[in-house]
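These are the residues of each chain, in order.
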Amino acid sequence: MRYAMAIEVNKCVGCGDCVVACQTENNVPMGYSRDWIIEIARGEYPNLFMHFESQRCNHCDDTPCVRTCPTGASHVIEGGIVKVTHDECIGCGACIEACPYDARYFHPDGYVDKCTFCDHRVADGLEPACVSVCPTTCMHFGDLDDPDSDISKLIKTREHYTLLPEAGTAPQIYYLK
Amino acid sequence: MSKLSRRDFIKISGTATAGLAMTPPLTSIMGAIFGEEKTPHLLENEAIKTPTVCEVCFWNCAGWTYTDKEGKIHKIIGNDSDPHSNGRLCPRGTGGLGMYYDEDRLKKPLIRVKGKDGKQEFKEATWEEAFDVIIKGMKDIEKNYGKESMALLFHGKTGPHFEHLFKAWGSDTMGEPAGAQCLITREAGFIATYGAGLASPEPTDVRNTDCLVLIGNHIGENMHNGHVQEVSQLIDRGGTIITVDPRFSTMAAHSTKWLPIKPSTDLALLLAWMNVIINEGLYDKDYVAQYTYGFDLLKDHVQKYTPEWAASITTIPAGDIYETARMIGGASPRVIIHPGRHTAWYGDDTQRTRAIAILNAILGSWGREGGFYFPEKVKLPKEAHPPFPKPKWSWKTISRDKHKLAIMGITNEIIDHALPEYKGPYKVKGMFITATNPIQSIPPEDKVKRALQNQDFIVVVDTMPSEITGYADVVLPEATYLERLDHLRTAHHRQPNIALRYPAVNPKWETKPGWWIAREIGIRLGLKDFYEWEDFEEVLDWQLKQVGSSMEEMKRVGVKHFPRKTPMYLKDGEEYWFNTNTGKIELYSTDFAEWGYDPMPVYKDHGEVPTGFLRLIYGRLPMHTFGRTLNNPYLWELKNEPVLWLHPKAAKYYQVENGQEVWLKNLKGKVSSFGIKVRVTERIRHDSVFLPHGFGNKGRIFVNGKTEEMSRTYGRGISDSEMVYKIEKDPVTGGTGLRNNFVTILTENPHKKEALS
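Respectively, the protein sequence lines represent chains D and A.
Sequence positions in the first sequence follow the numbering used here and run 1 to 177.
Sequence positions in the second sequence follow the numbering used here and run 1001 to 1757.
Just chain D, with the same shape it has in the complex:
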């Protein structure tokens, strides 16, 4: 089992529905977010290129956040989902420093928080909240170890990239062109 996400940047309109859905689903406090949207624009008028990227924890195969955690609060569960046990987190911030994606934040209640791929929903057979609401259906979630899953097929057939591959973390959010 290897959970991953694929996001079609040719369809994303950057509306932020994924961000609000995460917030209401996971009770993310105001002023913080587990996912966010970035706009990338290049060129000169009228020869322009632009797309959006919905970003979050990349649930990497190689996890500097887990390695640097002194208490074991940061850990990997089945399917490669990177999680933080809130009760065991001492809020030292080592993982925040180690993450090349700025995907973690200090929760005001004193622990580090981040995207969980909505594992509580996945356990119920549902998609992560962000994927389930997207009006453009540009987001896909599934098991890369299953060659017949939609996400396996998408990654096999579509040109794609990941963020900061040079960081060597083997990120598992794929952006489809």
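Treat the hints loosely; a few may be bogus.
As the list claims (entries may be wrong) - The list that follows gives simulated cross-link-like pairs (lysine-lysine, DSS-like), each with its CA atoms no further than 30 angstroms apart:
hint: 1; chain 1: A; residue 1: 1069; chain 2: D; residue 2: 83
hint: 2; chain 1: A; residue 1: 1512; chain 2: A; residue 2: 1379
hint: 3; chain 1: A; residue 1: 1049; chain 2: A; residue 2: 1107
hint: 4; chain 1: A; residue 1: 1257; chain 2: D; residue 2: 156
hint: 5; chain 1: A; residue 1: 1670; chain 2: A; residue 2: 1427
hint: 6; chain 1: A; residue 1: 1143; chain 2: A; residue 2: 1114
hint: 7; chain 1: A; residue 1: 1670; chain 2: A; residue 2: 1604
hint: 8; chain 1: A; residue 1: 1119; chain 2: A; residue 2: 1107
hint: 9; chain 1: A; residue 1: 1299; chain 2: A; residue 2: 1285
hint: 10; chain 1: A; residue 1: 1116; chain 2: A; residue 2: 1143
hint: 11; chain 1: A; residue 1: 1377; chain 2: A; residue 2: 1555
hint: 12; chain 1: D; residue 1: 153; chain 2: A; residue 2: 1257
hint: 13; chain 1: A; residue 1: 1382; chain 2: A; residue 2: 1545
hint: 14; chain 1: D; residue 1: 83; chain 2: A; residue 2: 1072
hint: 15; chain 1: D; residue 1: 177; chain 2: A; residue 2: 1257
Source of the hints: derived by calculation from the structure; they are not laboratory data.
These figures come from a predicted structure and were not determined experimentally.
With chain D held as given, fit chain A onto it using these hints.
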């Protein structure tokens, strides 16, 4: 290890994470509910789901409000069988619960204690006290001027409750900004051509089209949900999208072809496209022969509108005009020249949207798969009541003599009749305003303010305070859509359907649903016969039974579908009668010829941008709808720093840098109340600025005996409406073109001196 550099990007949604690690904790709305507990997730099988119809915008998607056993709202999820949302709400629908949780909401009835100048000086009152003032105010208007002089300005699903009240009482002086300030010109353009308007949602068959043309229509920035979804499917299918826009919009970036047009010249492009499509024989000849009237006249008419001519006007190279005309013609009839929605731009907007209607007609896309489908809706019987009294004059009296296709109440005519200088027989001296903030929704602002100050009596019913509540004699706090019941949604679609909005929770504080407020006022005005029910649910229950459903069923399903009675598309060669004088699609409008309007669209020049100024372009951000909906904490969180788009050349001219705060001054010398940060971007033409709509709020709230600024939106950004100093009136409809306004940039705070003195 390298950090992702945020300097290279513009983070548009979601708050910075690491960057905020040092800021003091903010209170979570939901956290406040759960206290210090670590969040339990509301699991699917533990949730109580109540059907709702979204009210954050006019698309009115159906969904489910998720509450827990304690009755706390956790989230709102789309209804899978709803054709407006297909189970997926947009960010505003997902974040709609913020309207319920917003602490700035109107909480108690308020009665003005002094002034009438936009300041919010009230005393809190009981509903009974507030009703007493309203009944006296309305009766005084009746005594002094007649009931007709009390006007209703409204928006959204609250509107019909007060329309009923007004008609029962005897005033039909009413209008909504959704008409003259938004889509009336497009409705008129299509009615003049096809004998039918478009209404909402527009029956464009994007799902099946091969080619979609968007003209100043920002799908994806406007989250017209069903259309956004179908455009996404079109991208999946590899279909053609042509976007015409002076701005490199989101959809321009996703398009096959972007035509960066000079603002105000769209009609030239449309006429040149007709020229190529007709002269190269790319139109649907059988369709044109069978269903249209005036093709030969049109053919002659467009001969002078060559692509070479249009190139000199639109700044789009003639080659691109030929190329796109052939792409469009090649897709006939599975092609949509999208009618757009907010089409009140330059004052000849009915003619421009008629050009769009005509172009669709010669391509044979009306009534065809992949073009425009014939929508159907469920007709619900209306509850019985005595006939409405006939007012001596109405919105029609003050609109139709000047504008033949004023098919809805023209708000700006109502405003004109409310001004102190109006001396005619149809004076407006009182206003009842619900769910709209005319200060922002009926520009220009100065005129609206003068009209408001000339009123004897104003009532505002809303969920949120805004500028308009500052002009009210009585403010009534309405429950949000998650706390109330309204009329069933019966909007037309491919499949006729109805949707139920049912309260998921009791109204907070002392707020009340619109139907209750309207009924209580009605009873006190002696209109008991018009309210032979006590709870509006009785009306819905009766209506549902007439169409073979019930409240019980609707609470369970939320959306119910009904079979179509007529085909969705024309069959090949089918006889079809259009509701026009000729019974045909009128390429040449016989009505327009009779009324003295151009029977076929004629290009008119709208002038140049004055030296030293920039054209003011405004539009929606996907997470916000109106100034009224901006203060929603969830949506505010998504985007709370509006920016003014400025091309690098213009930035150089004005010597401003990215991120710098600036102020705007319009051509008449009016300075913006607030500043805004500049976003220097190649995504906009050098001679225009782009402002996101709804910001620059001056609304205040009255709490605990004093007036405070609204906690989130007050003073953030610049209101585009505030900068509008002139409207270009569309002669056919009375619609108000708002895009011929010009501004310049101030780098020094013009209010600084005032602040010091």
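Checked hints:
no.: 1; hint: A:1069 with D:83; result: holds (28 angstroms)
no.: 2; hint: A:1512 with A:1379; result: holds (28 angstroms)
no.: 3; hint: A:1049 with A:1107; result: holds (26 angstroms)
no.: 4; hint: A:1257 with D:156; result: holds (28 angstroms)
no.: 5; hint: A:1670 with A:1427; result: holds (29 angstroms)
no.: 6; hint: A:1143 with A:1114; result: holds (23 angstroms)
no.: 7; hint: A:1670 with A:1604; result: holds (28 angstroms)
no.: 8; hint: A:1119 with A:1107; result: holds (18 angstroms)
no.: 9; hint: A:1299 with A:1285; result: holds (13 angstroms)
no.: 10; hint: A:1116 with A:1143; result: holds (22 angstroms)
no.: 11; hint: A:1377 with A:1555; result: holds (20 angstroms)
no.: 12; hint: D:153 with A:1257; result: holds (29 angstroms)
no.: 13; hint: A:1382 with A:1545; result: holds (12 angstroms)
no.: 14; hint: D:83 with A:1072; result: holds (27 angstroms)
no.: 15; hint: D:177 with A:1257; result: holds (17 angstroms)
Checked against the numbered hints listed earlier, the structure breaks none of them; every hint is satisfied.
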